[in-house]
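Assemble the whole structure, with the sequences as input and the hints as a guide.
Protein chains: 4
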Amino acid sequence: MKVKNLAKIDVKTVIVERKTVKLRKPVLIEGLPGIGLVGKLAAEHLLRELKAEKIADLYSPHFPHQVLMKKNGTIRMLKNKFYAWKNPKKDGHDLLILIGDVQPITSESQYEVCSVILDYFEKMGGKTMYTLGGYGIGKTSDKSRVFGCATHKEIIAEYKKHGLVFGETNGSIIGAAGLLLGLGKLRGMNGVCLMGETHGGYVDAKSAQHVLEVLAKIIDVKVSMVKLVERAKESEKFMKKMEKEAGKQKQVAEGGAQDEELSYIR
Amino acid sequence: MKVKNLAKIDVKTVIVERKTVKLRKPVLIEGLPGIGLVGKLAAEHLLRELKAEKIADLYSPHFPHQVLMKKNGTIRMLKNKFYAWKNPKKDGHDLLILIGDVQPITSESQYEVCSVILDYFEKMGGKTMYTLGGYGIGKTSDKSRVFGCATHKEIIAEYKKHGLVFGETNGSIIGAAGLLLGLGKLRGMNGVCLMGETHGGYVDAKSAQHVLEVLAKIIDVKVSMVKLVERAKESEKFMKKMEKEAGKQKQVAEGGAQDEELSYIR
Amino acid sequence: MKVKNLAKIDVKTVIVERKTVKLRKPVLIEGLPGIGLVGKLAAEHLLRELKAEKIADLYSPHFPHQVLMKKNGTIRMLKNKFYAWKNPKKDGHDLLILIGDVQPITSESQYEVCSVILDYFEKMGGKTMYTLGGYGIGKTSDKSRVFGCATHKEIIAEYKKHGLVFGETNGSIIGAAGLLLGLGKLRGMNGVCLMGETHGGYVDAKSAQHVLEVLAKIIDVKVSMVKLVERAKESEKFMKKMEKEAGKQKQVAEGGAQDEELSYIR
Amino acid sequence: MKVKNLAKIDVKTVIVERKTVKLRKPVLIEGLPGIGLVGKLAAEHLLRELKAEKIADLYSPHFPHQVLMKKNGTIRMLKNKFYAWKNPKKDGHDLLILIGDVQPITSESQYEVCSVILDYFEKMGGKTMYTLGGYGIGKTSDKSRVFGCATHKEIIAEYKKHGLVFGETNGSIIGAAGLLLGLGKLRGMNGVCLMGETHGGYVDAKSAQHVLEVLAKIIDVKVSMVKLVERAKESEKFMKKMEKEAGKQKQVAEGGAQDEELSYIR
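Protein chains in written order, with this note's numbering: chain L, 15 to 280; chain P, 15 to 280; chain S, 15 to 280; chain F, 15 to 280.
Hints are supplied without guarantee of correctness; some may be wrong.
Copies of the same chain look alike in the list, so a pair counts if it works inside one copy or between any two.
No farther apart than 25 Å at their CA atoms in a straight line, the calculated lysine-lysine pairs in the BS3-like style are these [to be verified]:
| id | residue 1 | residue 2 |
| --- | --- | --- |
| 1 | LYS26 | LYS137 |
| 2 | LYS68 | LYS167 |
| 3 | LYS153 | LYS254 |
| 4 | LYS39 | LYS174 |
| 5 | LYS26 | LYS93 |
| 6 | LYS84 | LYS175 |
Because the hints were derived from the structure by calculation, they are not lab data. All values reported here derive from a predicted model rather than from experimental measurement.
This is the structure:
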């Protein structure tokens with residue numbers, strides 16, 4: 015068997031390009047794991063419906079030091095992934111879609127990973143980002159609103175037209191959905207965080223659908239929602255597994271929880 | 015919309031100058047969040063009364079990885095801010111006032127942020143610093159003293175004249191209010207920490223007023239206290255919000271508190 | 015007494031070569047401490063039976079900041095160790111066996127240490143790795159299976175012949191046993207993690223034996239198991255001591271547990 | 015007032031030389047805070063009795079981010095300190111004595127600080143180190159033994175002559191007392207850790223005296239013990255204060271213990 019030397023990672027976050035593509039006025043869409051898995055479900059469904067192509071993987075020493083065991087008997091690293099979609103419309107924006115298994119957990123590592131993502135997007139000539147997430151309200155609601163929060167006042171009016179609700183959220187946006195916009199703004203980029211109203215206490219495919227409906231209008235694509243719920247179930251199952259493994263690592267790190275012998279791994 | 019590329023931040027603390035000003039014999043006044051919010055209230059009131067102008071923002075990967083959602087529907091990064099005030103008096107000292115949302119939480123990151131601040135101040139030709147804070151005594155007191163602690167024995171007498179009480183505090187000064195003086199002293203700077211006597215268990219606008227009264231004498235400016243209490247309320251409200259968000263991030267980091275599903279964000 | 019200047023370590027993980035050997039098509043076998051000590055027992059027994067020779071030590075600032083006191087009145091650093099074994103068979107693979115006292119505890123430091131190990135192995139011209147460990151099932155079992163998880167689908171069939179069971183594990187492989195394969199794969203290497211079915215709650219010499227039996231077939235060597243149980247007891251005793259010391263350090267780090275005075279060490 | 019620019023510290027551990035001295039065959043004696051304060055008391059008493067001269071300060075971003083308030087109304091940074099003593103005997107060893115307020119708390123920072131210390135000692139031409147500490151046995155004892163643990167087997171016999179007991183300790187030596195020897199050995203240095211038998215639960219001036227008596231024989235100096243108890247009391251008082259302040263910082267870091275408002279400092 016002949017395999018390629020793809021990357022030498024030590025203590026830096028790196029993006030490994032699997033395919034070099036040239037994107038036209040690319041727009042970044044981020045859907046990493048977060049509240050209610052809303053952003054992740056929306057972004058994953060979008061890329062599957064659009065048949066977007068995976069072009070790069072992001073690996074980071076700030077992700078948990080584990081590899082996942084797949085059903086086919088092989089292992090794989092934890093990572094984030096970039097997918098590209100070429101817009102068939104003349105003068106339309108191509109899409110760069112970011113999904114992944116995990117987000118890093120400390121401030122310093124979030125800043126590093128977001129900076130690496132922005133470097134990559136900047137080099138492609140990107141300017142505009144849509145980050146997707148949930149806005150937990152701690153109860154169920156049948157309003158199904160999708161809230162927006164923008165990098166610049168001047169662009170809000172444009173997004174309101176597509177149904178985004180501005181100025182009715184407070185608090186902060188934690189993680190990549192917020193930091194990509196904040197750090198991107200400092201580099202001269204712009205964008206909006208789309209947050210689906212959600213309970214916050216469970217995986218919410220319905221909220222993901224509402225987010226995706228608004229996003230589809232903004233980026234002017236058609237997206238069938240037929241398979242969304244089914245995919246949401248897969249995704250939930252996977253994340254439950256991730257949670258469990260993260261818990262094990264935490265237990266190990268803290269010196270072996272209940273059973274003393276378990277902690278020999280240190 | 016055309017926006018500027020202001021800064022590329024990755025894992026370094028950076029100061030982004032919004033305006034280049036030349037300050038004459040500048041004095042640094044620090045009022046970051048601390049005990050009883052005393053320093054923050056005093057510094058914020060001072061800069062508003064003097065109509066000081068914002069000249070720079072400090073961003074750090076050591077601040078929480080969140081962006082704040084503003085009422086107008088936009089986001090903003092957490093940061094510290096520098097304000098400049100030109101002294102109209104001939105031969106008077108100009109002021110460089112430092113306030114902000116947060117202080118970093120680990121020793122290493124406090125050292126880094128304080129060093130970046132001192133580099134900036136040093137480049138401006140600054141020599142003298144006044145750091146503002148509260149001195150918690152765990153009970154209420156009607157003495158309203160303002161304690162001082164200086165970098166050098168030789169300068170104490172001068173400050174005593176303005177009402178600062180020396181030699182009656184013990185323990186340590188935690189965070190930027192102490193470290194700026196300690197690290198600055200090693201660079202050949204000097205200064206005093208002004209600490210308002212306070213309970214320590216609540217936001218104390220009265221103590222902030224006492225600190226500001228002494229500081230005003232030292233830097234020889236007139237400051238009306240009329241709006242101080244009102245501003246203190248705003249500030250308290252903001253910090254309560256910050257606290258709440260910091261708590262959420264901590265919950266996320268620790269793997270999702272009460273409700274398991276909440277922790278998917280990792 | 016004349017001693018050599020071997021290494022100057024500060025905040026980097028380093029490998030100190032005690033002897034330079036040229037290995038022929040070397041295969042890396044990793045057996046660091048982990049679940050049930052299965053990998054460690056198997057690797058240690060293998061290297062003693064083969065009379066492999068120690069050629070290098072790995073030191074890391076990410077290991078606990080302690081030195082062990084030996085019975086002969088001397089101290090020694092915590093470390094990982096590399097042993098080399100020259101295969102007498104023409105065209106056989108030489109072995110590079112990695113064992114050690116500890117694994118680092120954070121993601122970032124695991125990535126660093128694994129990268130240093132891979133650099134060393136790569137420089138030797140190595141391509142294939144076998145990492146050894148336990149697969150905890152939370153109960154006793156008399157099936158004595160040895161599970162496998164490979165870097166590439168294409169190599170699974172070959173290993174099945176030797177009795178490895180693929181596709182019946184799920185979850186993740188935590189630590190070096192997983193990360194060496196994951197990071198190695200990105201560099202163009204390949205390999206398999208051999209996991210002995212074990213309870214997970216105690217040191218399991220029987221499981222280590224099963225792992226070693228499969229491994230011996232794969233690498234085509236004969237290994238007597240006579241002394242395995244006896245060595246397992248030594249190893250368990252040593253790890254219990256390590257655990258206890260790690261606990262003390264944790265206590266110190268957290269500010270002195272029960273007895274206040276104890277924490278003066280900080 | 016004219017002050018010197020002594021040092022620009024950011025995120026590195028640095029040694030600031032106050033005086034350049036040339037030491038003859040210097041021996042390093044380390045007495046940083048540790049179990050029962052035994053090492054600290056012994057080293058401090060030694061340097062005062064010998065009237066050793068302070069020649070350098072060590073500052074580190076890994077020390078707590080606080081400054082101490084002194085009784086005279088000034089602040090000072092936390093630090094470690096080096097004292098030099100010129101041996102009047104022809105062909106005697108000069109001494110470099112290391113004491114300090116704190117030791118860093120994580121492995122990585124202990125490795126960094128110890129490496130900086132060793133660099134400094136190495137540049138001076140030093141080869142031999144005596145690190146001082148307590149050996150906690152969890153109960154009182156009237157045996158008053160002083161245990162030794164050496165870098166090399168070959169040097170044990172020499173130290174036994176002076177009353178050090180070898181081979182009767184087990185476990186590990188945590189912190190600088192162990193790591194200086196371990197890292198120094200890798201650089202070709204040698205040395206012994208002198209551990210006074212002590213309860214471990216209180217400050218033990220008696221044990222410090224026993225350690226010092228043995229050390230005095232080894233380095234061939236006369237030391238009066240008259241003032242040792244009195245100095246031990248001072249030292250204990252100071253360390254109690256340090257403990258209290260460290261506790262406050264920890265409370266702040268963890269988000270404000272009992273009283274919510276207290277945590278505004280972050």
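Each hint, compared with the structure:
1. For the homomeric pair LYS26 and LYS137, the shortest alpha-carbon distances inside one copy (19 Å) and between copies (21 Å) are both at most 25 Å.
2. For the homomeric pair LYS68 and LYS167, the shortest alpha-carbon distance between copies (20 Å) is at most 25 Å, but the shortest distance inside one copy (33 Å) is not.
3. Both within a single protomer and between protomers do LYS153 and LYS254 lie at most 25 Å apart by alpha-carbon distance, with minima of 22 Å and 22 Å respectively.
4. Only within a single protomer do LYS39 and LYS174 lie at most 25 Å apart by alpha-carbon distance; the minimum there is 22 Å, versus 49 Å between protomers.
5. Taking CA atoms no more than 25 Å apart as the test, LYS26 paired with LYS93 passes in both settings, with 13 Å inside one copy and 24 Å between copies.
6. Proximity of LYS84 and LYS175 under a CA criterion of 25 Å is satisfied inter-copy only: 20 Å between copies versus 44 Å inside one chain copy.
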